[in-house]
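*Asks:* If you want the building blocks of each chain, they are given just below.
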Amino acid sequence: MPGPAMAPRKDRPSIVSDYAALPGVPDELLSEDGRVRPAWTKLIAHLDGLSPEERERAFARGAQYLRDAGVFVRQYGDGKSPRDWPLSPVPVIQPEAEWQALAEGLAERADLLESVVADLYGENRLVAEGHLPASVIASNPEWLRPLVGVKPASGHFLHFVAFEIGRGPDGGWWVLGDRTQAPSGAGYALENRVASVRSFPGFYTDSHVERLAGFFRAFRDGLNALRREDGSRVGILTPGPMNDTYFEHAYIARYLGMMLLEGDDLVVDQGRLMVRTVSGPKPISVLWRRLDAAWADPLELKASSHLGTPGLLGPVRAQGVTMINALGAGILESRAFLAFLPRLSRVLHGKPLAIPNIATWWCGGEAERAHVRDNAHAMLIGSANSTRLPLEPDAGAVLKGDMSQTGLDLDAWLEAESRNLVGQELVSLSTTPTWQDGKLTPRPMRIRVFMARTRDGWQLMPGGFARLAATGQDPSAVSISSGGSVADVWVVSDTPVPEDSMLMQPGEVFVRASPGLLPSRAADNLFWLGRYVERAEGQMRLTRAYMSRLPETPAAGTPLMTALETYLDDLGLDMSEGVCRKVERTIALAVNSANQVRDRFSVDAWASLADLERTVASMRKTVVPGEDAAAAMGVLLRKITGFSGLVHENMYRFSGWRFLTIGRSLERAIGMADLLARFGEWNGPQGGFELCVEVGDSVMTHRRRYSVTASRDTVVDLLALDPLNPRSIAFHIDEIREQVSLLPGADVNGQLSDLSRAVLRIHADLSVHTPQTLGQPELVELEKAIGRLTGDIQAQYLD
Amino acid sequence: MRYDIKLTIDYIYESPAAGARQILHVMPLAIEGRQRVIAGSIHIEPKPAMRQDRRDFFGNDLTELAFTEPHSDITIVLKARVDVTGSAAPGSPSPDLPELARALDAQTDLGPRSPLHFLAASPYAEPVREIAVWARRHSPPGRPVADIVAGLGLTLHREMRFDAEATTVSTPAAEAFASRHGVCQDFTHIMIIALRSLGIPAGYVSGYLRTLPPPGKERLEGADAMHAWVSVWCGPETGWVEYDPTNAVFAGDGHIVVAHGRDYADVAPVRGAMRISGGQTTDQFVDVVPVNETVA
Chain Y
9 MPGPAMAPRK DRPSIVSDYA ALPGVPDELL SEDGRVRPAW TKLIAHLDGL
59 SPEERERAFA RGAQYLRDAG VFVRQYGDGK SPRDWPLSPV PVIQPEAEWQ
109 ALAEGLAERA DLLESVVADL YGENRLVAEG HLPASVIASN PEWLRPLVGV
159 KPASGHFLHF VAFEIGRGPD GGWWVLGDRT QAPSGAGYAL ENRVASVRSF
209 PGFYTDSHVE RLAGFFRAFR DGLNALRRED GSRVGILTPG PMNDTYFEHA
259 YIARYLGMML LEGDDLVVDQ GRLMVRTVSG PKPISVLWRR LDAAWADPLE
309 LKASSHLGTP GLLGPVRAQG VTMINALGAG ILESRAFLAF LPRLSRVLHG
359 KPLAIPNIAT WWCGGEAERA HVRDNAHAML IGSANSTRLP LEPDAGAVLK
409 GDMSQTGLDL DAWLEAESRN LVGQELVSLS TTPTWQDGKL TPRPMRIRVF
459 MARTRDGWQL MPGGFARLAA TGQDPSAVSI SSGGSVADVW VVSDTPVPED
509 SMLMQPGEVF VRASPGLLPS RAADNLFWLG RYVERAEGQM RLTRAYMSRL
559 PETPAAGTPL MTALETYLDD LGLDMSEGVC RKVERTIALA VNSANQVRDR
609 FSVDAWASLA DLERTVASMR KTVVPGEDAA AAMGVLLRKI TGFSGLVHEN
659 MYRFSGWRFL TIGRSLERAI GMADLLARFG EWNGPQGGFE LCVEVGDSVM
709 THRRRYSVTA SRDTVVDLLA LDPLNPRSIA FHIDEIREQV SLLPGADVNG
759 QLSDLSRAVL RIHADLSVHT PQTLGQPELV ELEKAIGRLT GDIQAQYLD
Chain L
1007 MRYDIKLTID YIYESPAAGA RQILHVMPLA IEGRQRVIAG SIHIEPKPAM
1057 RQDRRDFFGN DLTELAFTEP HSDITIVLKA RVDVTGSAAP GSPSPDLPEL
1107 ARALDAQTDL GPRSPLHFLA ASPYAEPVRE IAVWARRHSP PGRPVADIVA
1157 GLGLTLHREM RFDAEATTVS TPAAEAFASR HGVCQDFTHI MIIALRSLGI
1207 PAGYVSGYLR TLPPPGKERL EGADAMHAWV SVWCGPETGW VEYDPTNAVF
1257 AGDGHIVVAH GRDYADVAPV RGAMRISGGQ TTDQFVDVVP VNETVA
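In the order they appear, the protein sequences are chains Y and L.
Quick note on numbering: the first sequence equals residues 9 to 807 in the working numbering.
Quick note on numbering: the second sequence equals residues 1007 to 1302 in the working numbering.
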């Protein structure tokens, strides 16, 4: 085995000539005789052929993609700040033949898990016959008693599972843990793939790397086949944006073209599960849940859950909805099961596990307890019920028999807590190359692989989600649990693979599989996103108008500046700051709304909004009032219109877009009515008309249309009544009327909805006005009437 | 002993509730050799859009309700006639702790009344170090389980002050224990935690108490609302016994069982989820009247 002290190998490409694998564990790149493994030769040759600059650029492209796409993980207890996903640029490469063997072994394991969980929620023969200790089940918080005796609608408990695997010292694969609750990571694997393709664009095409799209298509088709024959749909149930893997939920929903739903979007009505949409409640019969079961129904499961749907268990019990995976299947994740699966395989399948799992002993048995005690130095001892991945030490776990943190005696602890503990053998895992300091360096790794039940049986995703240790010192599996990086996994065939992709091209990324089904919550967020973005824009224009006048203003102020100061103050805009906090807050509100409907935006639109937020934050530190601030507002205005442009140019013109547009028009009409009421009067401060025209971004139009200096009549005509000026109130009332008339339920059998009637009334009122009749009191009334539309929209569509 | 039971629960909302879904555990349970339900009915006002009566995992009767129309109050009325035919005091000698542990290890039953459900932590009965230390101090080794139950219950009763105002449904048992006061729920949860810490299976019983005591007896605490006490598994011979730590007695013919669970969360009289913007107030009235002293 090659050691670190070895001289450079002349028989290897120069990029790996001094790559030194760690002693005692296999390496994915190099075989035992120190040669590059066949599956890797092409990639290594490719990397070897690049200049150092080309290599860095290639790797940077992948990282850039993830940053632009906004890929992040949110970590609990970490200030809730999203952090970049650290991608190691070198994929982990596996030969297709070996992957096939792994797939067969894991399919057997998935079948075994299915039999076990079906028994635990059914006849309970395994316990009755003594193959599983009753207390392991009874004390397990994931054994959900309200689900005992409930048969899943699809006939299966498991449809999508993940396995954490690692290669042991003997070169074979070990299962480190089973993920059966709501495994995450498949979406990240997809994103990592997109990133690694960016790094190796030309190379990837001819590299015989198995594509991932086929796996997802088969899984999606499998889900669609589970729908009931009543026009019902498939949805993805997410705990929402505060969850650490929300990004992935939104990404997968967009990728598969499925509705992304939160518990609040769903309601149980006459025993059926329905999604609340702007077109009324619609049936759902398949839910791919990314929510832990205990949170799914506050009525019968965890009462404190605000993430679930009250009464969900009713339709589940009545087999009206298939949960992917069945509620309660998470019990299989507890560490204790790893102690019994080898035996259960012999009992249920009549043969040993095809892929062994990490050696585990349940301390409830006397002999097992003694074994754990005698071998504690080579084990992790921890909670039997913990669903944390094996070898991810959690609070109270004891590593290598070191009791110093606990203040307890090992023997006494094992005796007292026996039934609640397991011992797990510490294993060393293989290494794979990462790129560090300009060269390839080995890092211990493990891979999460995904398996879906399709119409042709279990399918293993030809790829996965690899995690690499932060350092190369400690090859034990434990070292991989914190820090480190992730990598794409390539399964390489000997023969060319067909092209395959489900991804839309950038620029047309807003995907809706089923127009007409817009969940009310999503509509609400889009409406408010439209409002907040427009509000921020208005605040920027007002700030710019003030700041650009500031240098010419005498110390005593002018009546216009004094009036403007009062107005800005009323709006909460503090002009002692160059970029005031209020603008930052409004943008934060927009980002928050957008975040809740992330599945509905293109990568570009999202990147531009994130860029706006970053720019405002950094400007707030440096920009000072005056010209500097006026210029800064110019930059921000270009950025925010960039976002609006991307959204309005790219978004599919259906209900979602309509709510966004209505929000924007409503906000703009209100803002303009407010501005005109304050500055559009004859007796207002001098320069008020010009201010209105400037803030209304209509300087050029005004000059062309009227060829005179601004007067009250020209200003009110252009900014309130002219239906052709996209800044006028009339224009936006037209827009609202048009969009509202196209929403579901705008009229029922010819009878207008309350909302339609209210919009029509405003429209009619405004049409008969002239600049002379539309005075300040009328503008104030108009502003109020438009404001009230929010309540009508809320009542009809969003509550 | 035959009783007529009437329970009235009122909910009043500050602003109308748009939708509500609730599970009720209020109907007395039929238990062989302990109590018999002669008649029972639950009346709900306004009429729910959906009502379903079924059994839960532990074999309790429950009623699930859904309201779709906005409503500003709900009234639930239970009426039942029940014969209490036996007490829940230990009827035979019980084993000591090591023997109990061996009996538990031999259990392979996961049915509704298996003692194994009642050993692990549950939402309202998480382990509390101070309670475990206290339990150890007040349970001398070698004693039969039933004696440990009675001893701990009496000690708890002496140390705790019954105070209807001191705690709410959401007060953790640890807090009630630290200040040594609370209501029947707190007494019950503390005792459950204590017993489980010793390896003794202990559950939560929700039920009714006879409102007025028999002539010459003292009135029991907790008779004005639904009451709670502890059920304890004392080995395969003795089986389940019930102990009321609020009154320091084994449950007798004045205790009428509604539901068994691991703790309050499993058997709350009304468990529900609704969409309301304002607050709510609840009132509960219980009347348990003996019908005919001579009925067996």
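Worth double-checking, as some hints may not be accurate.
Derived, one-sided and incomplete: chain L residues facing chain Y with beta-carbon distance under 8 Å [unchecked claim]:
no.	residue
1	Phe1063
2	Ala1072
3	Pro1076
4	Thr1114
5	Arg1119
6	Ser1120
Some, not all, of what chain L presents toward chain Y, calculated at C-beta under 7 Å [unchecked claim]:
no.	residue
7	Arg1027
8	Ala1095
9	His1123
Taking lysine-lysine pairs in the DSS-like style, the calculated list, with each CA pair at most 30 Å apart, reads [stated by the list, open to error]:
no.	chain 1	residue 1	chain 2	residue 2
10	Y	Lys310	L	Lys1053
11	Y	Lys590	Y	Lys310
12	L	Lys1053	Y	Lys290
13	L	Lys1012	L	Lys1085
14	Y	Lys647	Y	Lys590
15	Y	Lys359	Y	Lys159
By construction, these hints were calculated from the structure, which means they are not laboratory data.
Just so it is clear, CB atoms sit at the ideal spot from N, CA and C, and this is done for glycine as well.
*Asks:* All hints are to be evaluated individually against the structure, with a verdict given for each.
*Replies:* Results for each hint:
1. Phe1063: This interface hint holds because 4 Å falls under the 8 Å limit.
2. Ala1072: Hint on Ala1072 of chain L: holds, closest Cβ of chain Y at ~7 Å, below 8 Å.
3. Pro1076: This interface hint is violated because 11 Å lies over the 8 Å limit.
4. Thr1114: 5 Å, holds
5. Arg1119: 12 Å, violated
6. Ser1120: 7 Å, holds
7. Arg1027: Hint on Arg1027 of chain L: holds, closest Cβ of chain Y at ~4 Å, below 7 Å.
8. Ala1095: With Cβ-Cβ at 26 Å, over 7 Å, it is violated.
9. His1123: Nearest chain Y Cβ about 5 Å off; hint holds.
10. Y:Lys310 x L:Lys1053: It holds: about 27 Å lies between the C-alpha atoms, which stays within 30 Å.
11. Y:Lys590 x Y:Lys310: Given that 30 Å is the threshold and the Cα spacing comes to 39 Å, the pair is violated.
12. L:Lys1053 x Y:Lys290: Status holds; Cα separation ~25 Å.
13. L:Lys1012 x L:Lys1085: 5 Å, holds
14. Y:Lys647 x Y:Lys590: Holds - the C-alpha atoms of Lys590 of chain Y and Lys647 of chain Y are around 17 Å apart, at most 30 Å.
15. Y:Lys359 x Y:Lys159: 27 Å, holds
In this structure, the hints that do not hold are numbers 3, 5, 8 and 11, in rising order.
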